[in-house]
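Colleague: Sequence:
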Amino acid sequence: MSKPKDKDKARKRMFKYLKDAIESLEKAENDNMQWEFVPEEVFKEILEVLGKVEVELTKIES
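For the sequence shown, counting from 1, position 33 maps to 33 in the numbering used here; every step adds exactly one.
Calculated directly from the structure, the hints in this document are not laboratory data. We put the beta carbon where it would ideally sit given N, CA and C, even for glycine. Warning: the hint list may mix true and false statements.
[As the list claims (entries may be wrong)] The calculated label-pair distances, taken between Cβ atoms and stated as ranges, are:
(1) D8 <-> E40: 31 to 39 Å
(2) P39 <-> K5: 35 to 43 Å
(3) K16 <-> F43: 17 to 25 Å
(4) L50 <-> K7: 17 to 25 Å
(5) A28 <-> K5: 29 to 37 Å
(6) E54 <-> S24: 26 to 34 Å
(7) L50 <-> K5: 20 to 28 Å
(8) I60 <-> N30: 31 to 39 Å
(9) V55 <-> E23: 31 to 39 Å
(10) K5 <-> K44: 16 to 24 Å
(11) E29 <-> L50: 18 to 26 Å
(12) K12 <-> K44: 22 to 30 Å
(13) E61 <-> K16: 16 to 24 Å
(14) D31 <-> D6: 33 to 41 Å
All chains should be built: construct the whole structure from the sequences, respecting the hints.
Modeller: Structure below.
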């Protein structure tokens, strides 16, 4: 498979991870409209997604 196709697939995965994280944040906000802090589960998910994004970016740069 060519490099541009690999990069495109990695980019699509990265955006899917970010989209899923944003949806989780929106759901958490809708479930609790009064929250004044980021719930621990959401914070952990954000860190997990950022880790996946870092892995994808590393793959692209390689």
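Colleague: Look at each hint and say if it fits the structure.
Modeller: These are the hints, each one checked on the structure:
| no. | hint | verdict |
| --- | --- | --- |
| 1 | D8 <-> E40: 31 to 39 Å | holds, 35 Å |
| 2 | P39 <-> K5: 35 to 43 Å | holds, 38 Å |
| 3 | K16 <-> F43: 17 to 25 Å | holds, 20 Å |
| 4 | L50 <-> K7: 17 to 25 Å | holds, 19 Å |
| 5 | A28 <-> K5: 29 to 37 Å | holds, 35 Å |
| 6 | E54 <-> S24: 26 to 34 Å | violated, 18 Å |
| 7 | L50 <-> K5: 20 to 28 Å | holds, 25 Å |
| 8 | I60 <-> N30: 31 to 39 Å | holds, 33 Å |
| 9 | V55 <-> E23: 31 to 39 Å | violated, 20 Å |
| 10 | K5 <-> K44: 16 to 24 Å | violated, 32 Å |
| 11 | E29 <-> L50: 18 to 26 Å | holds, 19 Å |
| 12 | K12 <-> K44: 22 to 30 Å | holds, 24 Å |
| 13 | E61 <-> K16: 16 to 24 Å | holds, 19 Å |
| 14 | D31 <-> D6: 33 to 41 Å | holds, 38 Å |
In summary, the structure is inconsistent with hints 6, 9 and 10 from the numbered list given earlier, while agreeing with the others.
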